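Visitor: Sequence:
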Amino acid sequence: MNLTDLINSKEVTIVDVRTIPEFDGGSVAKAINIPLDQVPERVEELKAMQPMVMCCAAGIRSGQAVNYLNQMGLKEVYNGGSWQQVHQTLKK
Numbered sequence: 031m032n033l034t035d036l037i038n039s040k041e042v043t044i045v046d047v048r049t050i051p052e053f054d055g056g057s058v059a060k061a062i063n064i065p066l067d068q069v070p071e072r073v074e075e076l077k078a079m080q081p082m083v084m085c086c087a088a089g090i091r092s093g094q095a096v097n098y099l100n101q102m103g104l105k106e107v108y109n110g111g112s113w114q115q116v117h118q119t120l121k122k
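To get the numbering used here, take the position in the sequence shown, counting from 1, and add 30.
No lab work stands behind these hints: they were computed from the structure.
One should not assume that every hint holds.
Claimed, not checked - Pairs of lysine to aspartate or glutamate, EDC-like flavour, derived with a Cα cap of 20 Å:
| no. | residue 1 | residue 2 |
| --- | --- | --- |
| 1 | Lys121 | Asp67 |
| 2 | Lys60 | Asp35 |
| 3 | Lys77 | Asp54 |
What the hints assert, rightly or not - Distance ranges between label pairs, derived from CB positions:
| no. | residue 1 | residue 2 | range |
| --- | --- | --- | --- |
| 4 | Met31 | Pro51 | 27 to 37 Å |
| 5 | Ile62 | Lys121 | 13 to 23 Å |
| 6 | Lys121 | Pro70 | 14 to 24 Å |
| 7 | Gln118 | Gly93 | 17 to 27 Å |
| 8 | Lys121 | Glu71 | 25 to 35 Å |
| 9 | Ser112 | Asp67 | 17 to 27 Å |
| 10 | Ser39 | Ser112 | 17 to 27 Å |
| 11 | Glu75 | Thr49 | 17 to 27 Å |
| 12 | Gly55 | Gly103 | 17 to 27 Å |
| 13 | Leu120 | Gly55 | 16 to 26 Å |
| 14 | Glu41 | Gly103 | 16 to 26 Å |
| 15 | Gly56 | Gly103 | 31 to 41 Å |
As the structure is a prediction and not an experimental result, all values here were calculated from the model.
Cβ atoms here follow ideal geometry from the backbone N, Cα and C, with glycine treated the same way.
Kindly generate the complete structure, drawing on both the sequences and the hints.
Guide: This is the structure:
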């Protein structure tokens, strides 16, 4: 499954790893906010959300989250890049 299909899948969870104020300033409609600094303490919660697409402002923090979660054994975690890219990819 490619990233576009995954983002538009009913099974996917979109996780925005930006800070709460950034998220409150605009986000993907169906995204949940788990700031990057909270990811390590929420690994068990995140395991249950797979498959998931991570996003942030530019794709750097989401890439860090994906790398970390892969190291923790999560395999269905993907970097969607910026939240705007994910938003534009979602079918209206």
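Visitor: Taking the hints in turn, state whether each one holds.
Guide: Against the structure, the hints:
| no. | hint | in the structure |
| --- | --- | --- |
| 1 | Lys121 / Asp67 | violated (30 Å) |
| 2 | Lys60 / Asp35 | holds (15 Å) |
| 3 | Lys77 / Asp54 | violated (24 Å) |
| 4 | Met31 / Pro51: 27 to 37 Å | holds (33 Å) |
| 5 | Ile62 / Lys121: 13 to 23 Å | holds (19 Å) |
| 6 | Lys121 / Pro70: 14 to 24 Å | violated (33 Å) |
| 7 | Gln118 / Gly93: 17 to 27 Å | holds (19 Å) |
| 8 | Lys121 / Glu71: 25 to 35 Å | holds (33 Å) |
| 9 | Ser112 / Asp67: 17 to 27 Å | holds (19 Å) |
| 10 | Ser39 / Ser112: 17 to 27 Å | holds (19 Å) |
| 11 | Glu75 / Thr49: 17 to 27 Å | holds (18 Å) |
| 12 | Gly55 / Gly103: 17 to 27 Å | violated (33 Å) |
| 13 | Leu120 / Gly55: 16 to 26 Å | holds (18 Å) |
| 14 | Glu41 / Gly103: 16 to 26 Å | holds (19 Å) |
| 15 | Gly56 / Gly103: 31 to 41 Å | holds (32 Å) |
In this structure, the hints that do not hold are numbers 1, 3, 6, 12, in rising order.
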